[in-house]
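As given, the protein sequences belong to chains A and B, one line each in that order.
In terms of the numbering used here, the numbers along the first sequence are unbroken and rise by one, the last being 423.
In terms of the numbering used here, the numbers along the second sequence are unbroken and rise by one, the last being 120.
Because the hints were derived from the structure by calculation, they are not lab data.
Heads up, the beta-carbon is just placed ideally off N, CA and C, and yes, glycines get one too.
Please note that the accuracy of each hint is not assured.
Stated by the list, open to error - Just some of the chain A residues that point at chain B, by a computed CB distance under 8 Å: (1) Ala312; (2) Trp377; (3) Gly416.
What the hints assert, rightly or not - DSS-like, lysine-lysine: derived pairs with alpha carbons at most 25 Å apart: (4) A:Lys327 <-> A:Lys349; (5) A:Lys418 <-> B:Lys15; (6) B:Lys63 <-> A:Lys314; (7) B:Lys15 <-> A:Lys349; (8) B:Lys63 <-> B:Lys89.
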Amino acid sequence: AQKVTQAQTEISVVEKEDVTLDCVYETRDTTYYLFWYKQPPSGELVFLIRRNSFDEQNEISGRYSWNFQKSTSSFNFTITASQVVDSAVYFCALSEAYQLIWGAGTKLIIKP
Amino acid sequence: DGGITQSPKYLFRKEGQNVTLSCEQNLNHDAMYWYRQDPGQGLRLIYYSQIVNDFQKGDIAEGYSVSREKKESFPLTVTSAQKNPTAFYLCASRYSGLSTDTQYFGPGTRLTVL
């Protein structure tokens, strides 16, 4: 069965520290998508990134970077030089047909 | 501006009442979804619709109903049969194209049963 595991329930760091959020997935599909979403305190889910299963290139967007490794079924998310505005719950998700399989989320707290 | 709107932002319901949550999108997306989120928890799928006049149950459909009469609209009714409806409800629409497939979310509706 498809599954997404975000083992880190909550992470707390001091501003300007780097932080990595882990995501491990299970799937039998050969073609799939992986996603990261951010949920700030306001509640709306904000799409951050989508990665195709056949594209293992790492992605960098400003202070955000993503490391996709099919060999370990992981799609980890790193925030460099964290800021207070990065405080949110972050969800990893895996595509399954017309649906998404969601991880439980990681609550990230950035202390000033 | 293109996007997904949900209304109301906050909704209070008395026990035994049915309430309807609105979800509208002007992104021309074919598929739409309803999720429920309880405090400190992840998302659980209630219903989804891939095309007009068609929808499928998700993992927790009991006590909920939907309709999809227009491509832009996917309202969710929380019926009195839903025993614990207090939660945050999120609507999403999905864009599916060549080498891309992404769900985009509305701002959500917080439902409280009094």
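Outcome of the hint check:
1. Ala312: With a closest approach of 13 Å, the Ala312 of chain A hint is violated.
2. Trp377: Since the shortest Cβ distance to chain B is 15 Å, the answer is violated.
3. Gly416: With Cβ-Cβ at 5 Å, under 8 Å, it holds.
4. A:Lys327 <-> A:Lys349: 19 Å, holds
5. A:Lys418 <-> B:Lys15: 23 Å, holds
6. B:Lys63 <-> A:Lys314: Holds - the C-alpha atoms of Lys314 of chain A and Lys63 of chain B are around 19 Å apart, at most 25 Å.
7. B:Lys15 <-> A:Lys349: 19 Å, holds
8. B:Lys63 <-> B:Lys89: It holds: about 18 Å lies between the C-alpha atoms, which stays within 25 Å.
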